[in-house]
Amino acid sequence: MMELPSSLAAHDGAVSDKNTRGQWGDALFGMVARLAGWSLLAVMAGIILVLVWGGRQAFLAFGPAFLTSTAWNPISHHFGAATSIFGTLVTTAVALVFAVPFAFGVAFWLVEMAPPALARFIETAVQLLAAVPSIIFGMWGFFIVVPFMAHHVEPAATHYLGHVPGIGLLFRGAPYGTGLLTGGIILAIMVTPFICSVMTDVFVSIPAVLKESAFGLGATRWEVMRQVVLPWSRQAVMGGIMLGTGRALGETMAVTFVIGNSNRLGWSLFAPGNTIASLIALEFPESAAGSLKLSALLALGAILMVISFVTLACSRIFLQRGAVN
Amino acid sequence: MSVQKTLPEAGRGWQRGGAQAMRRRLVERLVSMLCNIATVIVLFVLFSILWTLVTRGAAGLSLNTFLHSTGAPGSGGGLANAIAGSCEQTGLAALIGTPVGMMTGIYLSEFGQDGRVVQLVRFVSDMLLSVPSILVGLFIYLIVVEPAGHFSGMAGTLSLAVLFIPIVVRTTEDMLRLVPRAMREAAYALGAPGWRVILGVCLRAARGGIMTGILLALARISGETAPLLFTSLGNLNWSTSLGAPMASLPVTIYQYAGSAYDDWVQMAWTGALLITVAVLATNILARWWLTRNGSAQ
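Chain order of the listed sequences is H and S.
Heads up: the first sequence at position 320 corresponds to 320 in our numbering, and the numbers run straight through without jumps.
In short: position in the second sequence from 1, add 325, done, that's our numbering.
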């Protein structure tokens with residue numbers, strides 16, 4: 001910055017020459033910048049088109065029934081998406097059930113209750129949890145969480161919740177440790193920092209006068225949160241949750257380790273299952289190029305793309321509107 | 326539910342011993358307690374992961390790990406090829422991704438006259454930021470690996486670059502927006518052409534924040550596994566050729582962790598420790614950098 005005036009002054013003699021060079025430079029620079037920006041559009045369009053194109057063989061072979069069929073049989077060449085879509089949605093739902101309260105609790109604590117010296121430290125720690133590679137969550141989940149679930153959590157859940165009418169169905173079955181519930185819990189741990197970070201940002205950004213007037217009227221911290229902060233930031237919070245949902249839907253490695261990998265559809269959360277991403281990761285190496293199986297996997301990829309695209313687009317709309325508020 | 330109606334009564338009632346005041350105090354304490362518990366649990370999870378990695382990973386850590394390539398079970402191999410492959414692919418992805426990402430960031434922040442297109446690029450960049458990484462792997466597989474007929478380090482590099490770019494785009498744009506208007510105007514007033522104002526003034530003013538973005542992006546892609554499974558595949562031998570399958574730390578961890586051999590599982594833990602330490606250290610460095618040089622002024 002400091003040498004800019006002097007270097008410009010050096011050209012002072014040739015104003016017209018400099019101007020033409022400036023125009024050429026600007027034109028070139030604009031072209032490079034536009035090219036870079038448009039290349040992202042090309043990548044996005046490429047991902048969608050290439051996946052749909054790759055999956056055309058499966059879409060053509062099975063038609064709309066691909067979405068509802070629970071088959072996954074490489075020997076008889078019958079493939080369906082229903083089980084893995086079900087697994088993806090169930091693990092994501094389980095993840096949100098755990099992640100949203102935790103993310104809210106931590107964000108509320110960070111914004112309202114944490115001693116300032118501690119808050120920065122804890123916030124960094126939560127962000128670091130988001131930075132841990134997903135394969136590490138997978139290994140930790142497989143070697144630490146799965147045995148813990150098998151020996152403690154799942155038997156206890158069956159004992160206490162298994163006989164409750166309605167939801168009891170979810171908690172019956174052999175406690176393998178691996179399965180949809182464990183997958184969901186690992187996902188919850190992974191997305192909590194994302195949701196928490198969005199919540200912290202919006203909770204901090206509320207105009208202080210709104211909160212102060214509520215506190216001035218004698219409201220407790222919880223009442224301020226529930227009746228002032230949350231209504232004010234509802235959209236952005238929803239956006240944060242959707243962002244976490246998007247992450248959970250496509251998460252691969254962590255889930256692959258703990259999901260149990262079985263093509264099964266059932267009510268029990270303890271049963272092993274699969275998700276779109278885990279199925280692709282596991283079956284892809286065993287699919288020959290050009291085979292119907294590979295095409296079915298690519299078709300699953302296209303379906304996952306559509307689901308995450310819609311979720312992420314919603315998240316963005318919510319976050320933008322929230323920011324305007 | 327309306328604030329105006331309930332709160333004045335609440336204010337007077339706080340010191341009272343009445344049932345309503347009691348209930349409010351109880352709810353407040355309960356919520357505080359739950360929030361504290363939630364925070365402690367989240368921290369405990371982070372601690373548990375780090376503790377597991379250190380206790381299980383450190384046992385296999387030796388000079389051997391860095392000097393020898395991966396080998397058959399029982400042969401006492403190391404992780405040298407995986408570490409080298411990870412460094413090569415991540416580094417090259419950053420080399421490709423940084424200029425593209427920065428130029429796109431500049432496009433988003435400085436070329437507002439393009440209107441709708443800029444908005445679309447911003448939207449797409451945000452989507453790419455969270456697109457499942459496994460789909461990026463499939464995409465590169467179909468456009469690079471399948472036509473070429475073999476897996477390659479180059480394909481792995483490209484898939485990592487696709488994940489790298491949107492992070493740099495986001496930080497570059499955000500940081501350029503923080504550059505004070507007066508600074509641009511001063512540069513224009515001196516007669517600098519637009520591109521020099523952007524590159525020489527704005528980008529320089531924003532370099533602290535952009536550097537942070539690049540470091541965070543590096544940390545993110547160095548732990549990615551899913552896209553590499555279908556692109557660079559992994560390689561048991563030492564190979565630095567971009568035209569051949571290339572080993573990487575995350576893929577090696579994935580293959581070893583699921584194996585039945587104790588020494589491979591041990592090696593997976595060691596690799597996991599290495600990569601986590603590298604990723605977390607980069608993250609901490611990036612955050613420290615941001616607090617140091619992050620402000621645009």
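It is possible that some hints are incorrect.
Short, incomplete list of chain S residues facing chain H, as computed with Cβ under 10 Å [said to hold, decoys possible]:
1) I374
2) P457
3) R521
4) A551
Derived DEER-like restraints, expressed as beta-carbon distance ranges [to be verified]:
5) R56(H) <-> L368(S): 19 to 29 Å
6) G63(H) <-> Q438(S): 42 to 52 Å
7) A119(H) <-> L524(S): 31 to 41 Å
8) R234(H) <-> L359(S): 33 to 43 Å
9) L355(S) <-> L282(H): 42 to 52 Å
10) P424(S) <-> A208(H): 35 to 45 Å
11) A119(H) <-> A606(S): 14 to 24 Å
12) L445(S) <-> G168(H): 16 to 26 Å
13) R617(S) <-> H163(H): 56 to 66 Å
14) V602(S) <-> S76(H): 29 to 39 Å
15) I167(H) <-> P505(S): 50 to 60 Å
16) S566(S) <-> I167(H): 54 to 64 Å
No lab work stands behind these hints: they were computed from the structure.
It should be emphasised that the depicted structure is a prediction, and the values quoted were computed from it without experimental measurement.
Positions of the beta carbon are idealized from the N, C-alpha and C atoms, including for glycine.
Out of the numbered hints, which ones does the structure contradict?
5, 8, 12 and 14
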